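Chemist: Spelled out, the chains give:
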Amino acid sequence: MPQQIIKVTRPTKIELIRLRRRLVLATRIQKIVKDRVSILILEFLQIARQTVEAKRKLLEEFSGTYRALSITAGYHGYIALEKEMVATERDLGIAAGLRNVGGVRIPAFELKEAEREPGGYSLSDTSSWLDRATELSTECLETIVELAELQRSLELLGREINRTKRILNALEYLIIPALSTTIKYLYMKFEERDREEKSRLKRVKVLLEQK
Amino acid sequence: MVNNLPYEKLLQESLKSELRVINAHLPTKPKPLSDLLGEEYPHVVCKDGSTHLFRRKELKYLASLIDASEQKALLLPMLIEISSGQGEIAVVCTGEAEVKVIAKVLDMAVSLRQRKITIYKPQLAVIRKLLRTTTQYIFPPRP
Numbered sequence: 005m006p007q008q009i010i011k012v013t014r015p016t017k018i019e020l021i022r023l024r025r026r027l028v029l030a031t032r033i034q035k036i037v038k039d040r041v042s043i044l045i046l047e048f049l050q051i052a053r054q055t056v057e058a059k060r061k062l063l064e065e066f067s068g069t070y071r072a073l074s075i076t077a078g079y080h081g082y083i084a085l086e087k088e089m090v091a092t093e094r095d096l097g098i099a100a101g102l103r104n105v106g107g108v109r110i111p112a113f114e115l116k117e118a119e120r121e122p123g124g125y126s127l128s129d130t131s132s133w134l135d136r137a138t139e140l141s142t143e144c145l146e147t148i149v150e151l152a153e154l155q156r157s158l159e160l161l162g163r164e165i166n167r168t169k170r171i172l173n174a175l176e177y178l179i180i181p182a183l184s185t186t187i188k189y190l191y192m193k194f195e196e197r198d199r200e201e202k203s204r205l206k207r208v209k210v211l212l213e214q215k
Numbered sequence: 027m028v029n030n031l032p033y034e035k036l037l038q039e040s041l042k043s044e045l046r047v048i049n050a051h052l053p054t055k056p057k058p059l060s061d062l063l064g065e066e067y068p069h070v071v072c073k074d075g076s077t078h079l080f081r082r083k084e085l086k087y088l089a090s091l092i093d094a095s096e097q098k099a100l101l102l103p104m105l106i107e108i109s110s111g112q113g114e115i116a117v118v119c120t121g122e123a124e125v126k127v128i129a130k131v132l133d134m135a136v137s138l139r140q141r142k143i144t145i146y147k148p149q150l151a152v153i154r155k156l157l158r159t160t161t162q163y164i165f166p167p168r169p
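Residue numbers (my numbering), protein chains in the order written: chain A, 5 to 215; chain B, 27 to 169.
Read the hints as simulated data drawn from the structure, not as lab findings. Any given hint could turn out to be false.
Unchecked claim - Just a sample of chain A residues kept apart from chain B, beta carbon distances all over 12 Å, derived:
#1 K87
#2 A91
#3 D95
#4 A100
#5 S141
#6 E196
#7 L205
Stated by the list, open to error - When the alpha-carbon atoms are kept at most 30 Å apart in a straight line, the in silico DSSO-like pairs for lysine-lysine are as follows:
#8 K130(B) / K169(A)
#9 K130(B) / K59(A)
#10 K57(B) / K130(B)
#11 K147(B) / K61(A)
#12 K38(A) / K73(B)
#13 K86(B) / K61(A)
#14 K147(B) / K169(A)
#15 K61(A) / K130(B)
#16 K35(A) / K73(B)
#17 K142(B) / K55(B)
#18 K35(A) / K147(B)
#19 K116(A) / K61(A)
#20 K169(A) / K17(A)
#21 K83(B) / K61(A)
#22 K55(B) / K126(B)
#23 K155(B) / K169(A)
#24 K86(B) / K73(B)
#25 K147(B) / K38(A)
#26 K83(B) / K59(A)
#27 K155(B) / K35(A)
#28 K116(A) / K73(B)
#29 K116(A) / K83(B)
#30 K116(A) / K86(B)
#31 K188(A) / K17(A)
#32 K130(B) / K116(A)
#33 K98(B) / K142(B)
#34 K126(B) / K57(B)
#35 K38(A) / K55(B)
#36 K98(B) / K147(B)
#37 K57(B) / K73(B)
#38 K155(B) / K38(A)
#39 K142(B) / K83(B)
Note that this is a predicted model, so its numbers are computed, not measured. All residues carry an ideal CB built from backbone N, CA and C; glycine is no exception.
Next up, chain B with everything else stripped away, as it sits in the complex:
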């Protein structure tokens, strides 16, 4: 009846690497939209040392949604937090600019709660379709 599961160790290793890669793409320092618009190749450096390239078309679209002062306040990429086991998804907001952008993209009023905007999967699809490179997922480790 006793089985020593020979591939259990292998699975443990792959799980470790799974957790390592899951949040490795987060930016070391997000950049404001106004700075990115001036760059030849708009990008941010990620925690794993790789670069995340922004689509210029998306940056221009974002710039058209907000005014110049808000462009300085809008830090990119915007983070989308996935809460485990729940259908809810939250957009992490550092200021009012994000709220304005999300409200305009979704074409509806959104409320900010604990510096987060709660959205659902159909709305996530809309946001990701329009802002494919300017948003990133974050998987917070929860107890």
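Isolated chain A, as found in the complex:
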């Protein structure tokens, strides 16, 4: 790809100083953006690993919960179990907020403490099988909330990595090379002007000597 030159109004020393300042600034920004991309990628990979882990955990917990629930249903009978289940129905309370990872706002969900406590059904009429099933389903709920947070974080981080990488590429392959080439071009212009000046002076000297 040919190196591009930024349009300068007049090839002057002031313009050169301005361009050099811009180059320094662009290089500094490039370093910061590069660091940010590496941090975002690190976070993305970590969250991806945690997502896989959470999904596997959720599947295991679901199978455990269904097994426990089937045993409970077999022990108490469907009608009795449904009667107890109706009493345990309640709204789900989740504390939602935001946290920031390298400039990306990602959601943070947490199941409220009260939601973790099982209960609502009669302890004297039910067996420990139901307690176990309830305990397991609460664990499932916690993992679902965790997975929701992780998946959304993954999506947002992925989008931000793409965006930041585009900026980094623009800096690395477009802005900084263009600034460097323009600075080089200005130096060449100044040298050329010097040479012209020198030859002109020589010519003037010859003319003066002839007189």
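With chain A held as given, fit chain B onto it using these hints.
Modeler: Showing chain B alone in chain A's frame:
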């Protein structure tokens, strides 16, 4: 040969916003762990006006690592400074409590130098895995 790069201005604008957002999440006033443990929704307010929510599980984990007097001294979120162009990363420490926490999380002795603990990327991954909401990145502008 001369090109005026029509989208150069656009890129300049996006770069400006990039620098603006990069450190906007820093807390206006960090809170001690002991205070956060007592809050219903443990959080801090950030410079951009948003709130940063802490995970209660992490706060309890931190509380289990240090004693009650250190809990008052440990200010959260802990700041992780990313130095540009180098592989080194530093955890900013305001007191001894941070040193103790980092040493226990990494399960190794750490040394404090100029109020900072120098760590490397594999160690950063360990810290971020365990303390996801109680740590935050900071990108210092360097000349």
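Chemist: Go through the numbered hints given earlier and state which of them the structure violates, listing their numbers in rising order.
Modeler: 4, 8, 20
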